[in-house]
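Protein sequences appear in the order of chains R and B.
Letter by letter, the first sequence follows residues 26 to 337 of the numbering used here.
Letter by letter, the second sequence follows residues 13 to 111 of the numbering used here.
No lab work stands behind these hints, which were simulated from the structure alone.
Owing to the predicted nature of the structure, the values given are computational and were not obtained by experimental measurement.
Yeah, the Cβ is synthetic: ideal placement off N, Cα and C, and Gly gets one too.
Any given hint could turn out to be false.
[Stated by the list, open to error] When the alpha-carbon atoms are kept at most 27 Å apart in a straight line, the in silico BS3-like pairs for lysine-lysine are as follows:
(1) R:265 x B:76
(2) R:207 x B:102
(3) R:259 x R:201
(4) B:45 x B:102
(5) R:201 x B:76
(6) R:259 x R:207
(7) B:45 x B:97
(8) B:45 x R:259
(9) B:76 x R:207
[Claimed, not checked] In silico negatives: residues of chain R with every beta carbon more than 10 Å from chain B:
(10) 67
(11) 75
(12) 144
(13) 170
(14) 204
(15) 208
(16) 211
(17) 252
(18) 327
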Amino acid sequence: MILESLLNYVVILVSSITISALILSNNIMKIILLNSVFSTLAVIMYLILDAPDVAITEGCVGVLSSIFSIFTLNKIYKNDFKIADKFNPTLFMIIMTITLLLLFTTQGLPEFGQTKPDNYYLNNSYNEIGITSIVTSILASYRGYDTMLETLVIMLGSLAVLLIKPQIKLFSIPIKDLIAEKFVSFIFALLLLFAFYLQFHGEISPGGGFQAGTIIAASFILYGIVFGNHNLIKFVSLPKLIVLSVAGIGIYLITGLISILRGKSLLNYNILSNNSLIGQSIGINAVEIGIGISVAASMLIIYLSLSDESST
Amino acid sequence: MINILSYFCLFLGLVFIIISIVGYNRLPDYFSKMHSSTLGDALGAPIFIIGLALQSSSLIFAFKMALLSIILLIVNPTASYFLNKFAIRKGLNINGEEK
Chain R
26 MILESLLNYV VILVSSITIS ALILSNNIMK IILLNSVFST LAVIMYLILD
76 APDVAITEGC VGVLSSIFSI FTLNKIYKND FKIADKFNPT LFMIIMTITL
126 LLLFTTQGLP EFGQTKPDNY YLNNSYNEIG ITSIVTSILA SYRGYDTMLE
176 TLVIMLGSLA VLLIKPQIKL FSIPIKDLIA EKFVSFIFAL LLLFAFYLQF
226 HGEISPGGGF QAGTIIAASF ILYGIVFGNH NLIKFVSLPK LIVLSVAGIG
276 IYLITGLISI LRGKSLLNYN ILSNNSLIGQ SIGINAVEIG IGISVAASML
326 IIYLSLSDES ST
Chain B
13 MINILSYFCL FLGLVFIIIS IVGYNRLPDY FSKMHSSTLG DALGAPIFII
63 GLALQSSSLI FAFKMALLSI ILLIVNPTAS YFLNKFAIRK GLNINGEEK
């Protein structure tokens with residue numbers, strides 16, 4: 026017991042030192058390395074909290090993300106890894122305010138180790154939502170608020186990629202190959218079919234807006250790689266995509282706001298129809314369509330902003 | 013009748029897959045390994061899936077499996093075609109030695 030609490034204090038101490046070094050350093054290479062150190066510490070934290078599956082996921086994601094970051098850095102900057110190192114007082118104040126707010130909200134959390142596993146969702150999901158997939162019912166209905174902000178995070182991430190000005194454009198030369206062209210013109214339709222299947226079948230089987238959006242984006246990216254980005258831009262240009270990715274979030278938000286206008290809380294789909302089960306179905310489908318549009322547009326924004334012909 | 017056809021397809025698919033695994037482990041260089049592994053990918057797996065589709069009870073499930081076998085039949089040879097193409101472009105000659 027004493028050993029365990031000692032381990033906790035050591036992990037907290039080392040992670041706070043790592044985070045301070047991360048905030049104060051001005052070299053991107055150092056930031057990436059410190060990030061991977063912090064993800065290792067997070068693995069230890071998850072192991073202490075008895076969550077080995079989350080620890081394995083965190084380990085994999087930490088390793089992969091640092092590899093991808095170093096790879097991307099290598100492509101974007103040829104020799105200089107420095108970033109601007111001016112101390113920004115307003116930014117510092119904003120970050121400190123958010124930190125204090127987060128520390129303040131931890132007061133409302135339950136005591137450590139005091140929560141009990143609750144089978145409420147498993148027992149009541151089918152009666153209240155009316156769909157067989159419990160994952161979808163939690164994702165889109167019980168925890169709809171979380172999912173809206175997750176979609177927003179994806180959209181904001183893709184918009185942040187727009188700010189990068191890579192020195193070497195990736196995927197700029199199309200593959201000129203007869204077999205590739207015939208293959209893509211065959212597989213493009215099948216991929217879109219599969220994406221729409223996942224989009225509208227998510228209530229019954231695993232699937233839904235996130236997966237469908239990435240598959241739609243993948244089919245368009247395949248088209249762009251093989252036929253050249255100047256042909257892809259004829260369908261989907263960058264300004265249109267930015268509008269679409271915001272519009273997807275807009276569909277989600279409007280679905281939530283309708284229930285506020287009718288006098289219930291945000292994202293309460295029961296109010297959308299007289300029958301609460303039909304209301305849930307309408308709400309979940311509308312929300313999933315919004316997620317699909319937003320995610321597809323965001324992924325395409327990332328591809329087009331890192332590849333050639335995007336500036337036109 | 014359908015049962016016999018299904019078992020025949022499963023057996024044939026397994027034979028192709030086993031041949032391809034043995035070839036992958038025994039053959040010496042890149043292109044011969046590719047030659048044997050594409051046998052399992054492009055011929056063994058679709059035939060095996062058709063055998064499974066004949067066993068399935070519902071029609072919609074069998075249709076999905078048939079679609080899957082057609083996709084495998086097209087995707088796998090294309091993928092190995094591109095692997096070979098870029099291997100040659102990177103300077104691997106036909107005996108698997110780098111130039």
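| request: Say whether it holds or is violated: residue 211 of chain R keeps its Cβ farther than 10 Å from all Cβ of chain B. | output: Given a closest Cβ separation of 6 Å, the condition is violated.
| Pair hint residue 76 of chain B and residue 207 of chain R, alpha-carbon separation not exceeding 27 Å | holds, 23 Å
| query | Straight-line Cα separation of residue 259 of chain R and residue 201 of chain R no greater than 27 Å? | reply | holds, 19 Å
| request: Please confirm whether residue 144 of chain R is truly not at the interface, meaning its C-beta sits more than 10 Å away from all C-beta atoms of chain B. | output: Fine: 32 Å to the nearest Cβ keeps residue 144 of chain R off the interface.
| request: For the pair supplied as a hint, residue 259 of chain R and residue 207 of chain R, confirm whether the alpha-carbon distance does not exceed 27 Å. | output: Cα-Cα ~20 Å, so holds.
| message | Does residue 170 of chain R clear chain B by more than 10 Å, comparing its Cβ with all Cβ atoms of that chain? | response | Non-interface label stands for residue 170 of chain R: nearest chain B Cβ at 35 Å, farther than 10 Å.
| field | Restraint check for residue 201 of chain R with residue 76 of chain B, where alpha carbons must lie at most 27 Å apart | value | Judged against 27 Å, a Cα distance of about 32 Å means the pair is violated.
| message | Hint check: residue 45 of chain B vs residue 97 of chain B, CA-CA at most 27 Å. Holds or violated? | response | holds, 15 Å
| said: Just want to verify: residue 208 of chain R was marked as not at the interface with chain B; is every Cβ pair farther apart than 10 Å? | reply: About 5 Å separates residue 208 of chain R from the closest Cβ of chain B, which leaves it inside 10 Å; violated.
| request: Test the statement that residue 204 of chain R is away from the interface with chain B: the closest C-beta pair must be farther apart than 10 Å. | output: It is violated; residue 204 of chain R is separated from chain B by about 6 Å at its closest Cβ, not greater than 10 Å.
| task | Measure nothing beyond the straight line between the CA atoms of residue 45 of chain B and residue 102 of chain B; if it is 27 Å or shorter, mark the hint as holding. | result | holds, 18 Å
| request: Would you check whether the claim that residue 75 of chain R is not at the interface survives, using Cβ distances to chain B and the 10 Å cut-off? | output: For residue 75 of chain R, whose nearest Cβ neighbour in chain B is about 39 Å away, the distance exceeds 10 Å, so it holds.
Violated hints, in rising order: 1, 5, 8, 14, 15 and 16; the structure is consistent with all others.
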